[in-house]
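Using the hints, position chains B and C against chain A.
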Amino acid sequence: MPTLNNHPGWAVQLKQVFQARKFVWIFLPSVLMALVFFFIPVFSLLRISFYENVGMGVYHPALSLNGYIKFLTDPFYLRVIFFTLKIAVLVTSISLVAGYPVAYYVSRAEGLKKIICLLLIIVPLWTNLIVRIYGWFVILGQKGLINTLLLNIGLIDQPLSMIFQPLSVVIGLLDMVFPWVLLIMISVMEGIDWSLIEAARDLGASRFQSFYEVTFKLSIPGVVVGGLFAFVWSMGEYAVPSLLGSSAQRTISIEVADQILTVLNWPFGASIAFTLFMISVSVLFISNRLTQKNADYMIR
Amino acid sequence: MAAMNDVELIGLTKRFKDTVAVDDINLEIKHGEFLFLLGPSGCGKTTTLRMIGGLEAPSAGTVKIKGQTVNGVPPEKRDTATVFQRWALFPHKTVTENVGFGLKMKKKPRQDIVRKVRECLEMVNLSGLENRYPSQLSGGQKQRVALARALVVEPAVLLLDEPLSALDLKLRQQMRFEIKRIQKNVSVTTVFVTHDQTEALAMADRIVVMNEGRIEQIGSPHNIYFNPVSRFTSDFIGETNFLPGCIAAQEGDTVVVELNDGGRIRAQRTGDEPCPTDVVVGIRPEQISLSHQASTATENVLRGKVMDVTFMGSTQRFQVAFGDRMIVVEDVVGAGSESCWHPTEDVYLEIQPGACLVLPA
Amino acid sequence: MKPYSALTDYRIDWPAVALTVVTICVLTFILAPIAITMLVSFNKGSYIVFPPEGLSLRWYKAFFEDYWWVMVFKNSLIIALPTMIISTTVGVLAALGYMKRTFRGRNVINLIIMMPFLVPGIIIGICLLMFAHRIGLSNTYAIVIAGHSLWATPTVFLLVQAVLSGYDFEIEDAARDLGAGPVKTFFLITLPCIRTGVLTAMIFSFITSFGEFSIALFLTAPETMTLPVQIWNSLKYEVSPIVAAVSTIMIVITLAAIAMGAKFAGIKTLSER
Numbered sequence: 001m002p003t004l005n006n007h008p009g010w011a012v013q014l015k016q017v018f019q020a021r022k023f024v025w026i027f028l029p030s031v032l033m034a035l036v037f038f039f040i041p042v043f044s045l046l047r048i049s050f051y052e053n054v055g056m057g058v059y060h061p062a063l064s065l066n067g068y069i070k071f072l073t074d075p076f077y078l079r080v081i082f083f084t085l086k087i088a089v090l091v092t093s094i095s096l097v098a099g100y101p102v103a104y105y106v107s108r109a110e111g112l113k114k115i116i117c118l119l120l121i122i123v124p125l126w127t128n129l130i131v132r133i134y135g136w137f138v139i140l141g142q143k144g145l146i147n148t149l150l151l152n153i154g155l156i157d158q159p160l161s162m163i164f165q166p167l168s169v170v171i172g173l174l175d176m177v178f179p180w181v182l183l184i185m186i187s188v189m190e191g192i193d194w195s196l197i198e199a200a201r202d203l204g205a206s207r208f209q210s211f212y213e214v215t216f217k218l219s220i221p222g223v224v225v226g227g228l229f230a231f232v233w234s235m236g237e238y239a240v241p242s243l244l245g246s247s248a249q250r251t252i253s254i255e256v257a258d259q260i261l262t263v264l265n266w267p268f269g270a271s272i273a274f275t276l277f278m279i280s281v282s283v284l285f286i287s288n289r290l291t292q293k294n295a296d297y298m299i300r
Numbered sequence: 301m302a303a304m305n306d307v308e309l310i311g312l313t314k315r316f317k318d319t320v321a322v323d324d325i326n327l328e329i330k331h332g333e334f335l336f337l338l339g340p341s342g343c344g345k346t347t348t349l350r351m352i353g354g355l356e357a358p359s360a361g362t363v364k365i366k367g368q369t370v371n372g373v374p375p376e377k378r379d380t381a382t383v384f385q386r387w388a389l390f391p392h393k394t395v396t397e398n399v400g401f402g403l404k405m406k407k408k409p410r411q412d413i414v415r416k417v418r419e420c421l422e423m424v425n426l427s428g429l430e431n432r433y434p435s436q437l438s439g440g441q442k443q444r445v446a447l448a449r450a451l452v453v454e455p456a457v458l459l460l461d462e463p464l465s466a467l468d469l470k471l472r473q474q475m476r477f478e479i480k481r482i483q484k485n486v487s488v489t490t491v492f493v494t495h496d497q498t499e500a501l502a503m504a505d506r507i508v509v510m511n512e513g514r515i516e517q518i519g520s521p522h523n524i525y526f527n528p529v530s531r532f533t534s535d536f537i538g539e540t541n542f543l544p545g546c547i548a549a550q551e552g553d554t555v556v557v558e559l560n561d562g563g564r565i566r567a568q569r570t571g572d573e574p575c576p577t578d579v580v581v582g583i584r585p586e587q588i589s590l591s592h593q594a595s596t597a598t599e600n601v602l603r604g605k606v607m608d609v610t611f612m613g614s615t616q617r618f619q620v621a622f623g624d625r626m627i628v629v630e631d632v633v634g635a636g637s638e639s640c641w642h643p644t645e646d647v648y649l650e651i652q653p654g655a656c657l658v659l660p661a
Numbered sequence: 662m663k664p665y666s667a668l669t670d671y672r673i674d675w676p677a678v679a680l681t682v683v684t685i686c687v688l689t690f691i692l693a694p695i696a697i698t699m700l701v702s703f704n705k706g707s708y709i710v711f712p713p714e715g716l717s718l719r720w721y722k723a724f725f726e727d728y729w730w731v732m733v734f735k736n737s738l739i740i741a742l743p744t745m746i747i748s749t750t751v752g753v754l755a756a757l758g759y760m761k762r763t764f765r766g767r768n769v770i771n772l773i774i775m776m777p778f779l780v781p782g783i784i785i786g787i788c789l790l791m792f793a794h795r796i797g798l799s800n801t802y803a804i805v806i807a808g809h810s811l812w813a814t815p816t817v818f819l820l821v822q823a824v825l826s827g828y829d830f831e832i833e834d835a836a837r838d839l840g841a842g843p844v845k846t847f848f849l850i851t852l853p854c855i856r857t858g859v860l861t862a863m864i865f866s867f868i869t870s871f872g873e874f875s876i877a878l879f880l881t882a883p884e885t886m887t888l889p890v891q892i893w894n895s896l897k898y899e900v901s902p903i904v905a906a907v908s909t910i911m912i913v914i915t916l917a918a919i920a921m922g923a924k925f926a927g928i929k930t931l932s933e934r
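Chains as they are written, first to last, in my numbering: chain A, 1 to 300; chain B, 301 to 661; chain C, 662 to 934.
This is chain A alone, in the form it adopts within the complex (with noise of 0.2 Å):
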C-alpha cells in the first residue's frame, strides 16, 4: 500500500515531469508550496516523533518508537481510539444513509428548485465552524432553543441535558461533514446518464429495480467516497469534540493538541499526530483508486 514511504517514486516521477516538458514549469509555484510547506513539515514530524522526551519543552534527537507503542499500547490511549473510531464511524454512516436521498433529490431537482437546494448545501459550506458551533450552543443549550421549547409546550419538566455529551459531538461532526458528503455524492449522481434509467424501465424493470440496478450501483463509488471523506475529517476534528463534549469525550485530535499545546510532550504528540496522518492519507489513497475505477468505465 503506497505510503510515505513511496517519497522516491513521486520524486522521481516528478523529476521526469519537470524535465519533459517548459509547459511544466507552470506548476512550480504550487509544487513547491506543498513541497516547503506540507511534504517537508510532515517529514519533520515524523523525525520529532522518534525523538526522546525530557519534559517541560525538551527533547533530544533519537531514533526511538516509545512514542508510538504507548499511543498504540496503553489502555488510556486504547479508549481514546476507540471513542474517536466509534463517533467517526457513527457520523459517517448517519450522513451517508441521510445524505443519499438528498443528494437523489438535488441531483435530479431542476431550475430554480435545484438552485435553492444547492445554495442551501452552499452556505453551511462556506461558513465557519466556530460559527456553527455556537449555533448548536444555542440550540442544545440548557437555555436554549430546544429545551425552551419543550419546556413551553410541557413536554418535559426539566430542561434536558443535550450539550456536552457524545451526541453533541456527533451532532457537531454531522454538521460538518453533511455539506460535503451532499455534494460528493450530489456531483457522482449527476453523472450518471438518465437515459439508463430509461433503458432499464423500457425493458422491464420497475421503477424500484431501475433505481437499484442503475442508479444505485453506479452511485456506489460516490457513496464510498463520500463515506471516506466522512470519516478522515471526523477522525481529525478538533474544534467540535472540544467545544461540545465534555472533558469525558477525548478524541485522538484533542490528546494531540493537548500533548503539543499544553504538556508540551512535542516527540509524543508527534507520534499521535503522525499516526493520524497515515490513516488519513491511506483513506486518501484508497478513494483516490476508486475514483481512477469509476472514471474508467464511465467512458462510453
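These aren't lab readings, by the way, just hints derived from the structure by calculation.
One or more of the hints may lead you astray.
[As the list claims (entries may be wrong)] Calculated pairs, PhoX-like style, for lysine-lysine (alpha carbon to alpha carbon, straight line, at most 20 Å):
#1 B/K404 to A/K217
#2 B/K393 to A/K217
#3 B/K407 to B/K377
#4 B/K406 to B/K416
#5 B/K330 to B/K484
#6 B/K377 to B/K406
#7 A/K113 to B/K470
#8 B/K404 to B/K416
#9 B/K364 to B/K407
#10 B/K317 to B/K330
#11 B/K366 to B/K377
#12 B/K330 to B/K480
#13 C/K735 to C/K722
#14 C/K897 to A/K143
#15 A/K114 to C/K924
#16 C/K924 to A/K113
#17 B/K480 to B/K470
#18 B/K408 to B/K377
Frame of chain A; chains B and C shown alone:
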C-alpha cells in the same frame, strides 16, 4: 380479419409548456412492418416514438398496441423495446448482463437467459464478446449490443431512436444492411426514427414524413420520392428546384404552367385548381438534361446560362442561371471526355415529361 | 433532457414525498445553527437563550468597542488578504496547467496539490508549528499566512478547474500562432477570459482563510490571534452574546461572498468537485 395493426396512434398530441411537439397524429402500423418516422430536428418524431414506448405521456390522444389501449401503462409493462440514440448501455454490466437484463426483469430462469442471450449475440454477429464491458467496445459493437438487448425480449414493437447517427458513414451503411436483414428475419414490427432520408429511403417499408409535429406524407420510399404532395416533402427528400408560375390551362389529365421566369411546363395534374392559380413547379436536378441546341418544342424546354460546373465523380452538377434564380442540374458524366460545358454558355434545359410536380405556392 | 417526465405521472408519488421530507429535514439541520446564531445576536439579554428577550444592537456595539475583538478582527484580515493573493496566484497557475492537457504524472500533481486540504487541519497546524520552531518563524504572521495559503490553494485549484471546463484552450494556440509570446498570451488572452474564475477564487480563498480555525489554533500567538480562535476561546471560557454578534458578522461576510461568487461564476461551479 385483416392483417392486424400492431400499433395505432389516434389523435396523438404532446404539449410541452408552450410548444406543441406532436400535433394530432393518426397512424396505423401493420404487423411486421418496418416503418420510418422521418423529418428534420424538432419535428416531433422522437417524441412520438417515446409515447409509443411509454417514456412520455401524451397530452391527448390514444396509443394502442396490439389492439389494447396503453395510455397510462408504464414502459416496463408495455410490450415495446427501445434502442436509444446513444445506446444507453449499462456501463457497469457486461455485454451478457446488458443483453440479458430484460429477461432478468421478467424473471426467466437462468439457463433460458444464457441461451437466449447467446442466440441473440450470434444473430447480431457479436459472439465472443460476452464478458466485455461497454467501455471496451467500439461504436458499431455497442450498437449491436443495444439491438440485441432490445430484440432478446421479443417485443411486439421494436423502437429505434436514431441509433445510427453516432456512427461514421461506412459503419452506418453497413449497419443499415444488418438491421434490415435482422428485421426481416425476426419480422418484428419496427418503428425507426431518423432525420437521414438516405436511411429511410434505403430501409423502410413505409415512410412517415413529419414536420412541426404533423404528418406531411405517408407512403413507400418510391412514392415519397417521386410523388411528394407538398413543397416540404419534395424539398426535404432529395433535392428539388422550385420554379414559381401560374396555371395557364388544363387539358385532360395535364396542366400547363407558365413560369414567371419564362417558358412553359406541362405536368401531371394533381388537383382541381382553377386557372389562374399561383403554383410552384418542382423539378429534380437529375430529371433535367442539358443540350447545346435549341429544341423545337415549346414546352418543357427552358433556356439558361451555365454559371458553374462541379465534377462529382459519377455526375456533374451545373448551376444554371434562369431568370433571377439558379437551377441545379445533375447530369451523368459521359465516358472518356471531360466536361464540354463552359460557364456563361447558353444552354437548353430539357425536362423529362412527367417529371415535374405542380405544388401549391 | 428532462428525466423521463412521463414516468412519474403514473401514480401518487409517495417515494418522492418521502424524499422531499428527508431533504427538508437535512437541509434544515445544516442551516439551523446559522439561522439561530443570527437571531440570537440581536438579543437584548446577556445569556445564550432562545427566544431572544428583546431586540437590540447592543452586542454589535460592544464588539466594535472592544479593543481585543477589533484587534483580532484586524489580525484575521492581515492574514486573509495575503493568503488570498498567494493562494489565488498559485492555484490559478496550477489549475491552468492541469486543465490544459493530460500528461504523465498528472494524477501525481493532483494528489500533491490536493493533499494538504484533504488531511485534517490540525495535522498541518502541528507540522507547521514544529517547522516554524525550527526555522524561527514561530508566532509570526508569516507562518500563519503560509499555513492558510497551503490550505486555501487546493480550494482555488478546484474552483478554477470548474471554471476552466468551459474554456477553450485552443484560443491560446491561436494567439501564439498569430505571434503573441507565452507571457503576452497569458495576460491578453487567458487572464481576461478566466477573469470571473479568478475573482471567485479570490473571494473564496479569502473567506476560507478568514474562517479557518484548526491551523490558526496552533500557529497563532496572542498577538496574532485570529477571529475564529478568539471565538473558540470565548466559547471555552466565558460565553457572551458578543460571540453571536461576531458570528453573525462572519456569516454575513460569507453570504456576501457567496452572492458575489454566484453572480460571477454561477451556482453550479460553486458546487466543486
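Going down the list of hints, with the structure as the test:
no., hint, verdict
1, B/K404 to A/K217, "holds, 16 Å"
2, B/K393 to A/K217, "holds, 10 Å"
3, B/K407 to B/K377, "holds, 14 Å"
4, B/K406 to B/K416, "holds, 13 Å"
5, B/K330 to B/K484, "holds, 14 Å"
6, B/K377 to B/K406, "holds, 10 Å"
7, A/K113 to B/K470, "violated, 45 Å"
8, B/K404 to B/K416, "holds, 11 Å"
9, B/K364 to B/K407, "violated, 26 Å"
10, B/K317 to B/K330, "violated, 33 Å"
11, B/K366 to B/K377, "holds, 14 Å"
12, B/K330 to B/K480, "holds, 17 Å"
13, C/K735 to C/K722, "holds, 17 Å"
14, C/K897 to A/K143, "holds, 17 Å"
15, A/K114 to C/K924, "holds, 16 Å"
16, C/K924 to A/K113, "holds, 18 Å"
17, B/K480 to B/K470, "holds, 16 Å"
18, B/K408 to B/K377, "holds, 16 Å"
Checked against the numbered hints listed earlier, the structure breaks hints 7, 9, 10; every other hint is satisfied.
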